[in-house]
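Asker: With these hints in hand, go ahead and build the complete structure from the sequences.
Going down the list, the protein sequences come from chains F and D.
At position 344 of the first sequence (counting the first as 1) the number is 344 in UniProt numbering, and the numbers step up by one without a gap.
At position 130 of the second sequence (counting the first as 1) the number is 130 in UniProt numbering, and the numbers step up by one without a gap.
Among the clues, some could well be false.
The list treats identical chains as interchangeable, and a pair is accepted whether it falls inside one copy or across any two copies.
[Claimed, not checked] Calculated lysine to any residue pairs in the SDA-like style (CA-CA distance at most 25 Å, straight line):
hint: 1; residue 1: K170; residue 2: D433
hint: 2; residue 1: K384; residue 2: L240
hint: 3; residue 1: K5; residue 2: D287
hint: 4; residue 1: K2; residue 2: G213
hint: 5; residue 1: K384; residue 2: R400
hint: 6; residue 1: K268; residue 2: G95
hint: 7; residue 1: K5; residue 2: A30
hint: 8; residue 1: K170; residue 2: E112
hint: 9; residue 1: K170; residue 2: A239
hint: 10; residue 1: K366; residue 2: E254
hint: 11; residue 1: K2; residue 2: R141
hint: 12; residue 1: K5; residue 2: T369
hint: 13; residue 1: K170; residue 2: R235
hint: 14; residue 1: K2; residue 2: E324
hint: 15; residue 1: K2; residue 2: L240
Since the hints were made in silico from the structure, they are not lab data.
Quick caveat, the model's predicted, so the values are computed rather than measured.
There are 2 protein chains.
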Amino acid sequence: MKPVKIAICGLGTVGGGVFNVLQRNASEIARRAGRPLVVEQVATRHVNPDCDTSSVYVSDDIFAAVANPEIDVIVELIGGYEAAYDLVMQAIAAGKHVVTANKALIAVHGNEIFQAAREAGVVVAFEAGVAGGIPIIKSIREGLTANRIHWVAGIINGTGNFILSSMSEKGSDFNEVLAEAQALGYAEADPTFDVEGIDAAHKLAILSAIAFGVPLSFDKVYTEGISRIEIEDIRQADALGFAIKHLGITRRTEQGLELRVHPTLIPKERLLANVNGVKNAVMVYGDAVGSTLFYGSGAGAEPTASAVIADLVDVARAMETTPESRVPYLAFAHQADDLPVLPMEEIETAYYLRLLAVDRPGVLAKVATVLSDHGISIEAIIQKDTSEGELVPIILMTHRTTEAAMNEVIRQLESLSDIAGGVMRIRVESLDDQ
Amino acid sequence: MKPVKIAICGLGTVGGGVFNVLQRNASEIARRAGRPLVVEQVATRHVNPDCDTSSVYVSDDIFAAVANPEIDVIVELIGGYEAAYDLVMQAIAAGKHVVTANKALIAVHGNEIFQAAREAGVVVAFEAGVAGGIPIIKSIREGLTANRIHWVAGIINGTGNFILSSMSEKGSDFNEVLAEAQALGYAEADPTFDVEGIDAAHKLAILSAIAFGVPLSFDKVYTEGISRIEIEDIRQADALGFAIKHLGITRRTEQGLELRVHPTLIPKERLLANVNGVKNAVMVYGDAVGSTLFYGSGAGAEPTASAVIADLVDVARAMETTPESRVPYLAFAHQADDLPVLPMEEIETAYYLRLLAVDRPGVLAKVATVLSDHGISIEAIIQKDTSEGELVPIILMTHRTTEAAMNEVIRQLESLSDIAGGVMRIRVESLDDQ
Numbered sequence: 001m002k003p004v005k006i007a008i009c010g011l012g013t014v015g016g017g018v019f020n021v022l023q024r025n026a027s028e029i030a031r032r033a034g035r036p037l038v039v040e041q042v043a044t045r046h047v048n049p050d051c052d053t054s055s056v057y058v059s060d061d062i063f064a065a066v067a068n069p070e071i072d073v074i075v076e077l078i079g080g081y082e083a084a085y086d087l088v089m090q091a092i093a094a095g096k097h098v099v100t101a102n103k104a105l106i107a108v109h110g111n112e113i114f115q116a117a118r119e120a121g122v123v124v125a126f127e128a129g130v131a132g133g134i135p136i137i138k139s140i141r142e143g144l145t146a147n148r149i150h151w152v153a154g155i156i157n158g159t160g161n162f163i164l165s166s167m168s169e170k171g172s173d174f175n176e177v178l179a180e181a182q183a184l185g186y187a188e189a190d191p192t193f194d195v196e197g198i199d200a201a202h203k204l205a206i207l208s209a210i211a212f213g214v215p216l217s218f219d220k221v222y223t224e225g226i227s228r229i230e231i232e233d234i235r236q237a238d239a240l241g242f243a244i245k246h247l248g249i250t251r252r253t254e255q256g257l258e259l260r261v262h263p264t265l266i267p268k269e270r271l272l273a274n275v276n277g278v279k280n281a282v283m284v285y286g287d288a289v290g291s292t293l294f295y296g297s298g299a300g301a302e303p304t305a306s307a308v309i310a311d312l313v314d315v316a317r318a319m320e321t322t323p324e325s326r327v328p329y330l331a332f333a334h335q336a337d338d339l340p341v342l343p344m345e346e347i348e349t350a351y352y353l354r355l356l357a358v359d360r361p362g363v364l365a366k367v368a369t370v371l372s373d374h375g376i377s378i379e380a381i382i383q384k385d386t387s388e389g390e391l392v393p394i395i396l397m398t399h400r401t402t403e404a405a406m407n408e409v410i411r412q413l414e415s416l417s418d419i420a421g422g423v424m425r426i427r428v429e430s431l432d433d434q
Numbered sequence: 001m002k003p004v005k006i007a008i009c010g011l012g013t014v015g016g017g018v019f020n021v022l023q024r025n026a027s028e029i030a031r032r033a034g035r036p037l038v039v040e041q042v043a044t045r046h047v048n049p050d051c052d053t054s055s056v057y058v059s060d061d062i063f064a065a066v067a068n069p070e071i072d073v074i075v076e077l078i079g080g081y082e083a084a085y086d087l088v089m090q091a092i093a094a095g096k097h098v099v100t101a102n103k104a105l106i107a108v109h110g111n112e113i114f115q116a117a118r119e120a121g122v123v124v125a126f127e128a129g130v131a132g133g134i135p136i137i138k139s140i141r142e143g144l145t146a147n148r149i150h151w152v153a154g155i156i157n158g159t160g161n162f163i164l165s166s167m168s169e170k171g172s173d174f175n176e177v178l179a180e181a182q183a184l185g186y187a188e189a190d191p192t193f194d195v196e197g198i199d200a201a202h203k204l205a206i207l208s209a210i211a212f213g214v215p216l217s218f219d220k221v222y223t224e225g226i227s228r229i230e231i232e233d234i235r236q237a238d239a240l241g242f243a244i245k246h247l248g249i250t251r252r253t254e255q256g257l258e259l260r261v262h263p264t265l266i267p268k269e270r271l272l273a274n275v276n277g278v279k280n281a282v283m284v285y286g287d288a289v290g291s292t293l294f295y296g297s298g299a300g301a302e303p304t305a306s307a308v309i310a311d312l313v314d315v316a317r318a319m320e321t322t323p324e325s326r327v328p329y330l331a332f333a334h335q336a337d338d339l340p341v342l343p344m345e346e347i348e349t350a351y352y353l354r355l356l357a358v359d360r361p362g363v364l365a366k367v368a369t370v371l372s373d374h375g376i377s378i379e380a381i382i383q384k385d386t387s388e389g390e391l392v393p394i395i396l397m398t399h400r401t402t403e404a405a406m407n408e409v410i411r412q413l414e415s416l417s418d419i420a421g422g423v424m425r426i427r428v429e430s431l432d433d434q
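Answerer: This is the structure in structure tokens:
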């Protein structure tokens with residue numbers, strides 16, 4: 001069969017990886033795709049010294065590829081919103097398929113992009129946008145297609161997972177480990193995007209839309225970062241049998257969808273609790289299959305290239321079908337009822353609370369009373385020994401309650417004269433089989 | 001689009017699961033497939049009391065479905081070799097697509113079946129045959145399609161994993177845990193198929209063929225079971241930082257393919273070492289993506305149904321394409337060079353050895369000399385304390401060497417007058433990133 005002709009726009013880290021893996025594994029990829037995948041054109045402002053582009057047409061004009069009638073697929077790897085948006089929309093308008101690793105673009109402009117793709121009968125694929133080399137989009141959409149998905153919970157930001165697992169392994173505090181992550185190139189100079197959960201929220205919005213067949217709702221993701229997690233919390237959690245992970249969680253309930261990114265205590269015996277370093281892992285619970293987990297590298301040139309090329313092979317297959325049969329499958333076409341995203345206040349979880357109390361008789365009773373007044377059962381309450389006169393740390397594990405009730409409890413606890421400073425609250429998820 | 005018309009042959013545990021999940025999630029499945037999946041016909045000798053078959057044509061003749069021109073896909077869930085083989089071959093000859101969960105049939109007769117399917121332009125899909133609900137076939141073939149696969153290693157028999165992890169958790173011996181597994185329904189009255197690794201060898205043969213694009217070579221799988229593993233080995237491995245898992249391993253080397261099922265010591269920090277109970281998990285190492293892991297339920301009515309239905313949706317997609325573009329992708333069409341399967345003697349691993357020695361000075365030196373005479377480096381050698389006059393257990397961890405060299409070492413060790421009884425040998429794999 002005829003080769004698939006590809007233009008790679010953006011030849012940075014990921015673009016270079018895609019270019020090189022396509023060359024290196026060309027014959028195996030052609031064998032699996034049933035036809036060769038050929039890079040016809042590259043658009044880049046800086047030539048990547050890791051790539052031998054001598055036999056390819058290279059320019060710095062990303063739109064030249066769109067204008068080239070020979071090109072079947074545009075691979076958008078320039079990142080950002082504006083130019084990437086224009087490139088993708090023009091490519092669709094020109095009847096070209098698009099493969100992108102740009103999670104921010106998909107999370108923010110995806111509804112509009114997929115609408116345009118549907119109308120044009122082209123495929124927009126984005127496996128590399130979520131969890132790097134892990135084929136999680138394909139697994140949810142195709143591998144688990146028989147299932148009514150109950151929930152998805154994942155470690156979908158490698159930087160954050162590196163920081164939390166290093167804190168746990170070394171007993172170092174957040175800032176120390178962040179500096180190490182920056183030195184290793186795992187974190188940016190301005191780490192906000194990763195450590196405050198924005199990147200994870202982009203990916204979670206995409207996972208949720210795929211799992212539940214709903215429109216992308218990035219603006220409705222509750223997002224909380226890991227920068228306030230203290231080594232003391234990791235130690236306390238460990239003693240109670242939990243690891244602290246930065247999770248993206250989306251769940252379908254009777255009332256609507258949960259959509260939230262926050263630090264989470266999970267039981268140490270869960271496989272997800274044992275995913276350390278920069279790796280990613282996503283758990284998916286489906287009504288037929290039960291719990292599944294997908295693990296691998298969430299970033300890096302070649303893991304991301306692995307996902308981009310898998311999409312290119314899917315596009316190659318889709319090119320053999322009619323637009324009607326192709327689009328429903330590869331884009332977000334068939335959407336279920338538009339389930340509302342629940343406000344955070346309505347979400348129920350269990351909670352870990354850590355507070356500092358004046359060491360006086362009756363403090364524990366007062367704390368317990370505030371919880372019981374709000375109908376919240378306590379699973380464990382631990383008061384640590386300290387030297388006399390010091391503030392005493394109290395650790396509480398509660399049963400499930402709503403975020404609204406917990407907000408009120410924390411407000412009341414913080415107003416008690418026996419409690420010093422703020423209350424640390426971390427949500428707890430069992431991730432069990434339901 | 002027109003519905004896909006399905007005949008389910010065999011309405012036992014898995015068939016009942018497929019039937020029920022197709023009914024329960026009909027609208028979501030239709031949404032994802034782009035068309036409804038309708039069970040037109042069921043062939044079963046016993047009506048499954050869990051299934052409401054009142055609106056479906058039911059007979060006890062599996063071949064009636066093949067003769068029915070209305071049927072697009074035959075779902076073969078009768079198991080075994082003879083009748084299943086006839087059913088699948090007749091279905092292919094009649095131009096029908098086939099979905100099967102029958103790993104034994106595929107492992108033993110797959111080369112012939114896929115040859116016939118290729119010629120007839122139909123799809124034979126078998127995701128449910130390996131690792132139950134885990135979409136591992138799709139993940140390797142499509143999700144990781146960009147990669148040159150280096151190796152695949154998996155816990156692909158839930159019964160065996162339940163037994164080994166229960167032995168480890170409870171400190172019970174093999175026979176005790178086997179009896180418990182039988183009482184729970186996790187093991188058959190005759191457990192040979194599971195505990196001696198035959199079932200795992202079927203699945204490994206399929207994984208290897210998919211990963212490396214080679215013909216199925218079930219008859220060349222080296223197969224060793226777990227029945228000789230003693231609780232003492234699990235304890236010693238644990239103290240050394242390892243778990244013992246029953247793995248199927250296939251690896252591409254310069255010389256050829258490794259294809260082997262045996263108990264294996266793996267480092268406890270690997271995610272695979274933390275997969276317990278009846279669950280399955282498969283690690284895949286690709287040159288671009290690095291290490292990945294896929295985890296879930298390897299058996300059971302609905303997890304298996306999840307995989308069967310994913311295949312049905314793939315068949316529905318394939319029906320929209322031409323036979324030429326469909327077959328390469330879904331059957332074993334494009335095969336790489338026929339790499340030879342290496343004889344076990346040529347395979348290199350590290351080894352754990354446990355032997356009982358007479359408590360005399362110089363025994364350790366004699367043992368060490370046998371290894372050094374064969375050029376084998378010792379990583380650790382541990383002699384346990386015992387009461388005087390008793391036999392002393394010696395534990396050895398070696399560096400990598402060939403199975404042939406180790407066979408000779410064991411023969412010589414067993415012939416030493418200071419060594420009592422046989423030498424326990426368990427292979428060791430680091431499963432690290434290469």
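Asker: Which earlier hints can't be squared with this structure?
Answerer: 6, 8, 10, 12 and 15
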